[in-house]
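Undergrad: Sequence:
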Amino acid sequence: MRKQVYFYHVMKTAGTAINFAFFSSAGANPKEVYNILNEKEYHQIKGLVFTRGFDQISSNRFSYGFSHEPFYNFSLNENAFTFTCFRDPAERVISIWNALLTQKNRGNYRPGHKWLGSSFSEFLDNIPEPVLNGYLSMFSRGLCVDEGYANVLTCDKVLLFERLEKDIVGLSRATGWPLCLNRVNVSDVSETICSIDRKRLFLMLEKEYDLYNRVREKVLHVGQ
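Using the numbering used here, read the sequence shown as starting at 572 and increasing by one per residue.
Warning: the hint list may mix true and false statements.
Unchecked claim - Label-pair distances were calculated between CB atoms; the ranges are:
hint, residue 1, residue 2, range
1, Phe732, Asn609, 19 to 25 Å
2, Ser766, Ser646, 42 to 48 Å
3, Arg677, Asn600, 32 to 38 Å
4, Gln615, His639, 20 to 26 Å
5, Gln615, Leu774, 44 to 50 Å
6, Ser629, Ser766, 34 to 40 Å
7, Cys751, Arg677, 25 to 31 Å
8, Thr725, Ile767, 35 to 41 Å
9, Arg771, Asn606, 18 to 24 Å
10, Phe732, Asn631, 26 to 32 Å
11, Val793, Ser629, 27 to 33 Å
12, Pro701, Ala721, 34 to 40 Å
13, Glu649, Gln615, 21 to 27 Å
Hint data in this document are derived by calculation from the structure and do not stem from the laboratory.
Note that CB positions come from ideal geometry on N, CA and C, so glycine has one too.
Build out the structure end to end from the sequences listed, making use of the hints.
TA: Next up, the structure:
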């Protein structure tokens, strides 16, 4: 088993399901671990240290770590196994929209609710660029496609959302962690996006798609 595994988690790329797979591999209730990590810097199970805390990760005191922190904010141990997950950019943004609507309908406040407005068009007006361009923001300080691509390629593995079940098996084999995937956080809402808003979204994601397509082609070519 790899002693240190770190997940560069971009929002709405099956992060909860992936994290739960790691929590479960230690024989823990994944929801309980997740709730604990919302309150504490880290949680230890059978000698394994799980964390999403900046200080814990930046000082390399973890067995499994994950966060939304950008790639360039950490200097991880050379022996740490790092991975991320890529999803179609437009699907990812629409998933953020649906998730926020779901939480709002359930009465669960999220900071992102202020982006919603009264329509998807207003959501596109309000969504912050680092959230819109999640992959570029994660892997490039200057939102540069070439820099982002080079940094993504330093990861030991890139999962593809479209074939996540298969890639989790590969991740388990590569890390030595016994991982089993169960989907969670399914949205109650699935709003229809009109063609005008879709076209606008694709235009807004032009650079993000450039990075995504290059990474996806590389992953499929090398057979990760």
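Undergrad: Going through the numbered hints above, which ones does this structure break? Give me the numbers in ascending order.
TA: 3, 6, 9 and 12
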